[in-house]
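Protein chains: 4
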Amino acid sequence: MAHELISHPFFQRLRGIKQLGLTSLVYPGACHTRFQHALGAMHLMNQAVEVLRHKGHEVNEFELEAAECAMLLHDIGHSPFSHALEFSIVPQLSHEDISAAMMYQLNSELNGRLSLAIAIFEDSYHKKFLHKLVSSQLDVDRLDYLRRDSFFSGVAEGAIGVERIIKMLDVVDNDVVVESKGMHSVEKFLIARRLMYWQVYLHKTVIAAEQLLVNIFNRAKQLSSQGETLFGAEALQFFLTHDLTREEIRKEENLYKFSTLADSDVDGAIKMWSLHPDKVLSKLCKKLTARHLPKIEISDSKFSGERVQEATLKAKKLLGLNDEEVAYFVQTDTLVNKAYSLTGDTIKILDKTGGLQNIYTASDMLSAAAFLHDTTKHFLCYPKELLQQE
Amino acid sequence: MAHELISHPFFQRLRGIKQLGLTSLVYPGACHTRFQHALGAMHLMNQAVEVLRHKGHEVNEFELEAAECAMLLHDIGHSPFSHALEFSIVPQLSHEDISAAMMYQLNSELNGRLSLAIAIFEDSYHKKFLHKLVSSQLDVDRLDYLRRDSFFSGVAEGAIGVERIIKMLDVVDNDVVVESKGMHSVEKFLIARRLMYWQVYLHKTVIAAEQLLVNIFNRAKQLSSQGETLFGAEALQFFLTHDLTREEIRKEENLYKFSTLADSDVDGAIKMWSLHPDKVLSKLCKKLTARHLPKIEISDSKFSGERVQEATLKAKKLLGLNDEEVAYFVQTDTLVNKAYSLTGDTIKILDKTGGLQNIYTASDMLSAAAFLHDTTKHFLCYPKELLQQE
Amino acid sequence: MAHELISHPFFQRLRGIKQLGLTSLVYPGACHTRFQHALGAMHLMNQAVEVLRHKGHEVNEFELEAAECAMLLHDIGHSPFSHALEFSIVPQLSHEDISAAMMYQLNSELNGRLSLAIAIFEDSYHKKFLHKLVSSQLDVDRLDYLRRDSFFSGVAEGAIGVERIIKMLDVVDNDVVVESKGMHSVEKFLIARRLMYWQVYLHKTVIAAEQLLVNIFNRAKQLSSQGETLFGAEALQFFLTHDLTREEIRKEENLYKFSTLADSDVDGAIKMWSLHPDKVLSKLCKKLTARHLPKIEISDSKFSGERVQEATLKAKKLLGLNDEEVAYFVQTDTLVNKAYSLTGDTIKILDKTGGLQNIYTASDMLSAAAFLHDTTKHFLCYPKELLQQE
Amino acid sequence: MAHELISHPFFQRLRGIKQLGLTSLVYPGACHTRFQHALGAMHLMNQAVEVLRHKGHEVNEFELEAAECAMLLHDIGHSPFSHALEFSIVPQLSHEDISAAMMYQLNSELNGRLSLAIAIFEDSYHKKFLHKLVSSQLDVDRLDYLRRDSFFSGVAEGAIGVERIIKMLDVVDNDVVVESKGMHSVEKFLIARRLMYWQVYLHKTVIAAEQLLVNIFNRAKQLSSQGETLFGAEALQFFLTHDLTREEIRKEENLYKFSTLADSDVDGAIKMWSLHPDKVLSKLCKKLTARHLPKIEISDSKFSGERVQEATLKAKKLLGLNDEEVAYFVQTDTLVNKAYSLTGDTIKILDKTGGLQNIYTASDMLSAAAFLHDTTKHFLCYPKELLQQE
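Chains as they are written, first to last, in this note's numbering: chain A, 6 to 395; chain B, 6 to 395; chain C, 6 to 395; chain D, 6 to 395.
Hints are supplied without guarantee of correctness; some may be wrong.
No copy labels: a pair is met if it fits in one copy or bridges any two.
[To be verified] With a straight-line Cα cutoff of 16 Å, these simulated EDC-like cross-link-like pairs (lysine to aspartate or glutamate) come out:
(1) K343 <-> D128
(2) K209 <-> D338
(3) K357 <-> D283
(4) K343 <-> E184
(5) K353 <-> E390
(6) K186 <-> E302
(7) K300 <-> E258
(8) K132 <-> E9
Keep in mind that the hints were calculated from the coordinates and are not lab data.
These numbers were taken from a predicted model, which means no experiment stands behind them.
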């Protein structure tokens, strides 16, 4: 079944969606795609299940195939540029919502053969541990993307011991746990994940570029809502003028429209939009195309109203913008590097006597502030031209 | 100056051009771009010059900068999908021709500061060895792309000892030579290059996909020449309807048009063209989008007229095509894996007494048939549907 | 001068001393030697000084050479099996004491040319930052051994970003500091170091083997002190019967004796001693040779007197040992994984405004218990035969 | 059974025998041991058999275990320093002879349970393809040692695609063959092997060191035969005075004596022998210990009688040696880098139609002179002091 899914246009489209959106503007090697990640995650699921079987936990062939397909499809609903445009193309829906819609569509095309995969994905199957492998604080999704993103970005310090962690997995009380011998490797996984957030996922230049992209999309939507017809593929034009609801996205026709969108549609449109008569749209598009990214300042505390106001006024004056327009050029918002979640699907360490402990208690590393609280940083983003003025 | 060049739109466009065209259809990791390769080649040039300086050969700062810029720009004129569309978008010109045109344009924008780089690139500078580093049978271009393509495709056997080869370089009589201690590393470089040709650059599935892409372009051009306006960015539409000459491409306006083209324009257009009423165009586009690639047969000898005729007739009948149309679906042509060139810019080995020898004579590996003659293979390419008929 | 030092018998002997003592019994790849580490540390010193020079800190050629030689020699005084026999062969002296003695000897042979290296090593030179590179919580010694030990043991998770850390070094107020961009890499270095302690340096099976080795040595010394002449090279016999003081080791004759000792002398002797009539010595030696290592239990709390007594009694009975003899077979002691030291040579982070902060405060990772307090574990070690009895 | 064998003293001794003898004098990382190689080769055998099973060839559990044990033991009879002392410690017997003797001994200790492994090893089992995996021009022995020696020596260019080659293996007519898709990988394996011979196995400085070691042993044997008792472990002394025959080595007592010998015994003895009154022995030993290796000249043609005579006379005069003694200091001999053997166990390529071809014919690389004929080089080795005289 995996083979049929991989050949399906819903899946082949992932070849055209970069795993890390605009990150290649900072780390040029990070051109890898969701296609690679989905295949990799499926492969790790296979390895994880083999380890569990070897330790005496029964997983039959149907369950294995379903778990593999769940991994193959877990990110199928991503928009072009992945997270960067997640709430821009379909503003009301997360990529998980769209993934679910696509899985249901595929299930109907496959005459229900995906039902078990969906049950595992949605955690309605009684072998709960399979869902834990698909989605939890230590799932094969994270194992694959951390290793892959570290490899392609070249940030070698994000490397983790995937093989070792998988070998240490076990099942107790229907839950995935880690043998105590693997505790240090899991600690290292948590630490590497946090490092990857600061060095890659929340890299300030990447955030600045993403702000620009989102603003472009917002402006394009606004112009479209005013009746402008912007250059672009039919599907792109459709999504510029329709904010689909959860019910609407589930319609076959809309899903297939969505499924034709890839990074290239956005890239191509932005180049053409840079010639558009709307000053705001063309300016934003020119900046992204030429990699003239906004200046971004990062701070542990909120930027004061005065500071933001000052940047806004300067931008208005310098770029000749009105109040509505300047909002596309100056933004302030937050970045959050998540702590380890102490409740819910915690990571459990299995000691030799069969006892289970939350890794948070078992480890003397996770008492660090970094894992106790989410770390929130604030940013202020504005055109670089403002600096040259001073 | 390198910094100015990198920021220029001519160079930034390389971010959107995959180094290996459609190869990622076979090796999903091969999403790396010409942008990465150009930076890498510049870096190796810097290392090579440092080695030569260390061995007493004078290269001043201007010459080093010029040599670096020559590497940065050596591939600047590549079309979208690199070699795959090399003679489709601008049929009369090679990427080297367009690179030259772009360098001249940049030189005029930089008030002549690129003149030395161009002289080195065109081999009109008296320090001939600098040109040899830019372009020869053992240039830093090849050193970079072999290592890079091997890394991103995952074909680890193509790996070469770049650092070691560079350390062994020297200059004798204004020519780049290799110390005899480095001979085995150069042998291995030649062997790895040949292996990369068979495993990657001439991989049969990649060739099949490229055939499809070229046919799409040919059809689109034909329709355009008949007055059809196909979906696409303005620049794409321009090149569909104009076959520029060497003189025309040198016009600033045309170069800037060309410089807006990237893989995404072609990707986006092909998706839209798959809905076009022209049966041939839409069929070809659908096949590429869905990765339904042609069947390709490889043979050491030429395919007989009968064999080609048979495939042609079948395709006509099965797909309902006329004589003109079927030519877009059935092709036969050759693949050539180049031998080591015995004349011209041979690779010279420097022995301890100061004597020079063509590596071809010095090595007992290069007497292999593989290096003596170009290896030519023939392929026949036709729709996979023909097989299911039998 | 480095070349002269490397050729000296004091240095060549390091070829015969494994970096990690008996660790190859657990990680078979860990056969690397002190020779490799010393060369690697010298190389990193060179790189670090180049970075500092590049940032405007003057280090002249003599200082660079001296700093390199300090690294080359920093471990020159290690005993066979490195730390494992550190206080067995010369019980009263640490390897640093012996290193110092050897450096003084070499300095006299080199007519004082090592004086600057010694001054840097002993922190009496006014450019204090050079000493910091030689010895501190973030010195090139640690950078080299962590990477090297991780590589050869195959514990890939101990890998650290050596190049990046070195690039981030700077000097402020005569002290080595780290640019704030490098903070996460240093965090990761501290974390990797701790992980290497648990997975490699304090691996329980390695500790068990080292206990055995130390007991063999103790017994051999005791027998020697009773007038027995044990098999072995002259130098080994000398150290079995002489506990040198700091003054004595500084005598040229004794240093040269010491410098002939390598792992092979101990290996060879132990094989012969396994045939010795003394029951204790032969039994211990047979166990090590056959890799029949003691059982070792690890606990967070101290083993009770009863528990130790019980093991002791069992061992006496089972192996037919008297009170004095049993002490060679049953031991309890502690393992300590050091915290980050909050005082003294702390690691300082340099922010963009030039401010300095202890990494302990700057980082939200080091608040973990693991870095606050030394982690002490207790072990109890006894013959495996005792288990089969139960 | 593998576990029992690994625990046996015959196998544990391999921990003390370096895979590449004295090579670490040139490549300091090459400290890896026969122990690692034997485990690695067993592991690859397991992988190879899994691949063959997957392709439908039956290998039952007993056969798999036997094939694994054959790999585990294939090098069990190596002397200290592996090939370097192969015909010095037991002059009449190759390491294969001694391996066979040890296997028979182990088989008798295991009550015949090793019989199948021995049958496979000796090629008397009807499933001939299992022997081919153990020993042929493309066996798992070579796959392991090439990769391992390349890794630890740091000669990265010797790296080969072990996983890919193993995946391409198949069985036809009871013989191991390679699918045609794997041909380039096998070519690369043959090329890498040849490169490793020149860069590592036949490295001139390694050869010079080995000459020294062999001469030391020859002198020690001569002195022993004259009634001298040299320092050393009992087993070493035994082999210095006994040249065992094939029958004698098979005696349990002699095998156990041999099995106590490791590199350390030789290392330790040589250090003590450097103090011996015999001028020849002490001089040779001092040279090796201090890494004062002989000068070695390499030539494509034989050294003339005059040239050798000249070196001999100089050495006699300079070092005060008589005719008999000088033979320990001046030698001439040959180095052979083997071609691909065209007959016997050739490597067969399986094309898609089921046809088989000798890779020599199938490949256009192996027509190189390097694979057609053995390459023979000549060396002349003499004390470095002779050079300073001139």
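Between the shortest in-copy and the shortest cross-copy C-alpha distance, which are at most 16 Å for K343 and D128: within, between, both, or neither?
This pair counts as neither: shortest intra-copy Cα distance 23 Å, inter-copy 43 Å.
Copy assignment of K300 with E258, given that the CA separation must stay at most 16 Å:
Result: close neither inside a copy nor across copies, 41 Å intra and 31 Å inter.
Evaluate K209 and D338 at a C-alpha cut-off of 16 Å and name the case that applies: within, between, both or neither.
within (12 Å within a copy, 49 Å between copies)
With 16 Å as the alpha-carbon cut-off, assign the pair K132 and E9 to within, between, both or neither.
neither (25 Å within a copy, 39 Å between copies)
With identical chains, the pair K353 and E390 could be close in the same copy or across copies; at 16 Å between alpha carbons, which is it: within, between, both, or neither?
neither (51 Å within a copy, 34 Å between copies)
Within a copy, between copies, both or neither: where do K186 and E302 come within 16 Å Cα-Cα?
Close across copies (15 Å), not inside one copy (42 Å); limit 16 Å.
I want to check one pair: K343 and E184. Are their C-alpha atoms no more than 16 Å apart within a copy, between two copies, both, or neither?
neither (25 Å within a copy, 25 Å between copies)
Is it within a copy, between copies, both, or neither that the alpha carbon of K357 lies no farther than 16 Å from that of D283?
Classified as neither: same-chain Cα gap 67 Å, cross-chain 39 Å, threshold 16 Å.
Hint violations for this structure: numbers 1, 3, 4, 5, 7, 8, all remaining hints satisfied.
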